[in-house]
Amino acid sequence: METAGISRRRVLDFSTASLTGAAFTSLLMRDHIARADAVPAEAKGTPHLPMKAKRVIHLCLCGGVSHIDSFDYKPELEKFHGKSLQSEERPATFFNQVGLIRKNDWEFKQRGQSGLWVSDLFPHIAEVADELTVVRSMVAESANHTPATFEENTGFRLNGFPVMGSWVSYGLGCETDELPSYVVLPDGRGLPAGGTINWSNGFLPAQHQGVTFQSQGPPIYDLFPSRELPAGSDLASRKLLEEINRRHLAVTGTEDALLARMKSYELAAKMQLAVPDVTDLKQETEATRLMYGLDKEETSDFGSRCLLARRLLEKGVRFVQLFSGGSFGSPRINWDGHEDVKENHTREAGRLDQPVAALLKDLRQRGMLEDTLILCTSEFGRTPFTQSGADQVGTGRDHNMYGFSIWMAGAGLKHGVAYGATDEIGWKAVEKPVHWYDYHATVLHLLGIDHERLTYYHNGIQRRLTNVHGEVLHDILI
Amino acid sequence: MCCFRMIAPRNILVLLTFVTSVRIVAADDTTDFDRTIAPLFVQRCLSCHEGPDAKGKLDLSNRDSARAGGESGRIIEPGDLEKSLLWQQVESDTMPPKKPLTKEEKATLKVWIAGGAKWGTEKIDPFRFTTDSRAGVDWWSLKPLQRHTPSQVELSGWSENPVDAFVLERLQKAGLSPSPIADKRTLIRRLSFDLLGLPPTPDEVNAFLADNSADAWEKLVDRMLASPHYGERWARHWLDVARYGESNGFEYDEPRDNFWHYRNWVINALNQDMPYDQFVRLQLAGDVLHPDDFSAISASGFLVAGPHNTTLPSNDKMRMSMAQDELEDLVGSVGQTFLGLTANCARCHDHKFDPISQQNYYQFAATLNGVTHGERMIRVPLSAEQQQRIQLIDQRMKGLQNEFEAIQQPIRGAIAAERKASGYKGPEPPIAWARWEFNEDPNDSAGMIKGTLSGGARLENGMLVVDGKDGFVASAPIATDIAEKTLEAWVQLDTLEQGGGAAISLQTLDGATFDAIVFGEREARKWMAGSNGFVRTMPLNGVEETEATQRPIHFAIVYQADGTIVGYRDGKPYGAANRPGELQKYASGKFQLVFGLRHGLPGGNRMLAGRIDRAVLYDRALTAEEVAASAGASDINHVSEKEILARLTATQRKNHQALVDEKSLLSIERQNLVNSESRTLYTCVSTNPGASRVLRRGDVGSPGDVVTPTGFSAVPGGEAGFGLAPDAPDAERRIRLADWITHRDNPLFVRVMVNRVWHYHFGQGLVATPSDFGFNGGRPSHPELLDWLAVQFQSMGYRLKPLHRLIVTSATYRQGSAPVEANSRSDADNRLLWRKSPQRLDAEELRDAVLVVTGRLNPEIGGRGYRDVEHFKFKGSNFYKLLEEATFETHRRTIYRFMPRGGRNPFLDTFDCPDPSTTAPKRANTITPLQALSLMNNSLVFAMADYFAKQVKQEAGEEIKTQVSRVYLRAFGREATPEEIDLADDFVASQGLAAFCRVILNSNEFLYLQ
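Same order as they appear, the protein sequences are chains W and R.
My numbering puts the first residue of the first sequence at 22, with every later residue one more than the last.
My numbering puts the first residue of the second sequence at 79, with every later residue one more than the last.
Bear in mind the hints are in silico, worked out from the structure with no lab data behind them.
Glycine included, every Cβ here is placed at the ideal spot set by N, Cα and C.
No more than 30 Å apart at the CA atoms, straight line, and that leaves these computed lysine-lysine pairs for DSBU-like:
1) K453/W x K395/R
2) K317/W x K953/R
3) K177/R x K161/R
Incomplete in silico selection of chain W near chain R, CB under 7 Å:
4) N165
5) R178
6) L179
7) G181
8) G215
9) I218
10) G223
11) P226
12) Q228
13) L261
14) H269
15) L279
16) S285
17) Y286
18) G481
Input sequences plus hints: build the corresponding full structure.
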């Protein structure tokens, strides 16, 4: 063994340079194992840890959701409304305009059995508040959208690192060989800024890149022949191909890579059946379709994607990522409410509130929430003071990296609880601050993966999703 | 943003066995402090207990302070564990507080104290020795190159050159034997893809098969190395390492429309077999070593190949932090590419695995801190041919002018005579938006826009006098939106030997954006349209000024809606119109006019020395006639072309029009020729960054000591100290850096490169981690061979082509690839090279091969490249929508693909084309169902299968068997067997030849090289 990580790693992935029996099997068969480096004896056949969640839906809200208008109730804001921020430190916001403090624009109420505070911004989600695990003390390292979004999804602020979906795909593989392990469903209004950068495999092998399902045309790029073929022609072609490959193999001698390539055509054919089937939302009952809001213009985009996400999970997809919001700039099509939070968030919340609540109810109803993890995050929050002149209460709020909220739901989590706290106006996390790497460590933990042992060698380093950091948030786990 | 992972000790300390018999090993020599205890202190204690701020005032980093102890007094009592507080704290797991020492570490410490706690080197040097968990300066890759003599081991009928002796020796030691030499068809296919990235044509295959001379292989190798396609193939490898991408990444992801010059530079440099040390020097410092050489400036594109965030927050600290992130990325890229060192891991703390301190990181980073991203416009002298053509055009233009005169002059004379008779006063000047007469005050003539005299500016005899030092007039903000516009001034200069001042300038209130009539800034004694960063500036190519010191001349610049800019001097066109960019718009209230100053703050070369008689702003683009009227308002002899045209006879008009057409064609041609004198490219823009500081914990908020720019002290070769001041100019820093990296005695520089070359030839390097020769990287499978190759490479003048030749003429390279089960059992990874491992075509080879066998490849070399994406802007961000490549008229090699970071090509991606945002010294090699879908269903494959079939029918006629045979020959470089022909026959008959071609393009034989 030349280096600690490399040779062992190669046993466990699809690298054809040394495609051994184990790797071959992992292509052909289901692979539930945390394929981290770790101690091989432990890793063989079992994940690092008990696997509470088997699959994930990540709702990625682009632009920065105002926590103080949604999940972080700050009654003191009423009192400070119209006053200036009493701080010696100048806040690092994007536009560097620090206006007066503004109270929350939506009324907060305690919800459900748990009494969790949720504002009227999300009336439907509020109904399922008892399912939520809110973290109110998030902290980010950048108040600039893209570096912050990279941090949210990859743990690093630069381009070129694998996103969590890719890491999970790499670590756990897929429960089906008929669908990709990591699927991305972008907002119908457009891709997030940076396009494919947002679901990059980085330095991980290509099969861990997010596969976008398109809402128009074939769901996956190149799923079907790009032109009309006579009946039976495609099948005949595949049969001939198999025969030609079989004969070639007889000449070259048995090579795992060549066998695996032959097998990949069989899997591709299965995928051609599985994908149209899973994306056919008409198979759902009318009641379900209505519950997800497919009948209404404002909710149909997010609703269809939530419903599709559930169907993908049912078929064994490991990680589905839904984007709420497209690129930045005006007029806004994401949560970046610099000008007018009330106007902006009303519109954005209106698109996903009902569908997300429906998703949670539906998963619960089907018993899937037991072993499914739902994540709802945005790259940072928004400031309690407005983005305006120093003597004005404006209508917009700037980026706030010092404190904000995310929520999770489902497997292995305590429900109806909130963790950590920001200061009295919701500016900075003061109690149990949580960094993205802690969040990542917790998500991996729930998936049965020790975040320190899910590694991939790249340029001198056994890279991790959590870099050199990460503390699992045991307090929110059952 | 570095990270690390503690790796379990490779060999558990032998000391473990001594735990129960401590006294026996108490002898000093067995417990070598420097090798065992010092590293333990470094890893487990010194992060708190070092230096003047040490916790508990306990400094364990040197002998005296350790002996003296801390707040709790002495902590080490030699030979007495009971009285040694250090041992008590460690044994009870009180210290270190978070992660107690392991059993083995405790045992080591116990032995040391019990044995007398003998100290070694006074001050602990954490990098002195390699330990179980980190590399010291004695690490294998940092040692000087060893000169090995190849062994005499030889396999008769197999061995070809010394490479084989090294390989055979290792194989024999392991009880393995190499594979027999592969057949000629396999070999030419292997070599062609390897050196050119393309399959051999059937003719090439036949020629090689027919060549029975002893040196047939060598001749083939030489022929391929001389092919210009060699550079295209090997440049792709280099671009993987350089993380070459053609957009900025991050939020805006702007396209880099002019970055392809770097790609082409790499291709050319490789084709010319530029010595590797020069190749590297130019990429690190070409722009400052050869500031006038377009090619060298392109080479420095390496430094800015990575992503770059242009979404800048208003907050200073955030911007500084972003700049440090990008600097780390650059340090990583330079360190890994040329030295195989992951230096970027030392930004926040000393490198955990390699001998690079945090201080050394910032010293090294300081050498690169002047690198910034941007576009530059470079003048490229015209060729003799081009210059001759311009002369010819100028001659013809003169002739044309005479012909015009011959037609126009009589009419002009007639009109002038009529005017004189009728008492005509001349044409009316156009209506201005505002005029400045500078008679009594610096306000506009309507008195609506206040002006302020600044510095040495004064009004004298109805003129504004500016002194070239600090005198200028600034107007109040202008209350109208201005898009297209005309600026006009009557100006007399104090001297023609001045440059950079403006007569009139329209600028945003912060002075950052402006358009101005500027004199002599880029070309001596010439007028130009000045603009911020020259973004709307191209040479107007007017004549040199000679009269402006004697009288006020009139100068006007017209800015048209489409960005076209036209200059006029004394009412006549000044040079030729050009269109350097988009029109700049100015919003009402956000801009002003300044006179005598180019823009911004007064000073520097921005000031004009002279007198401004009058100045005018128009909120529209004047026509040539209007400018003429304005300039010659008092000249009643001016007759417009319109008036003349109206009086021409039909025949005259026809002749006149022909002259106009010819003139316009010639002036376009001339302009294009002149424009080709300047080329815009995206590359490194050198800036002088001033002194750098260490940033504690990598935090921009915690600056430490000032550092001077240096190399890495652990790397042997040139002196790592560059003798530079902390604020040395960027050029000096990078030139020293380039000299240091390429130093003849730097072993990493050559080892890393020969290993990369080996890696691409064999699919696996002698060191398996081509960009990491540090502790976490691989160890060489054949250390002697690696050094021998490195020495050869140096003695061949760092030329790559002889190195390729040496490698591919070895038997090791030429052996067959058949699997041998017994060998696989002992060496499944083929590290010992008992066969040539089969390799799948990479994404680019695959696409290129499809184009070649179908006869559709456009083999053009160089140039701008092709785009398979449509670029569009949406809400300020840039997006790249994939186009159907099948509809393209020409298909170029994949290396010429425009590579935006946010617009990857899914077809290439599925075949492991790496993310251009990150360096890829070694590509992944996967097999997935998505690949199968891509290759079966992509529109390109269908279109190419059609062309393939068409081509084959042309060559082979209508007979199916002949067609099938031809398909095999083109795709696989071999004849089909009768069985294969039979198998295909029915299929082609029922499904058609194109369907068969599609199957062949999907076959394993097409995708895998044996």
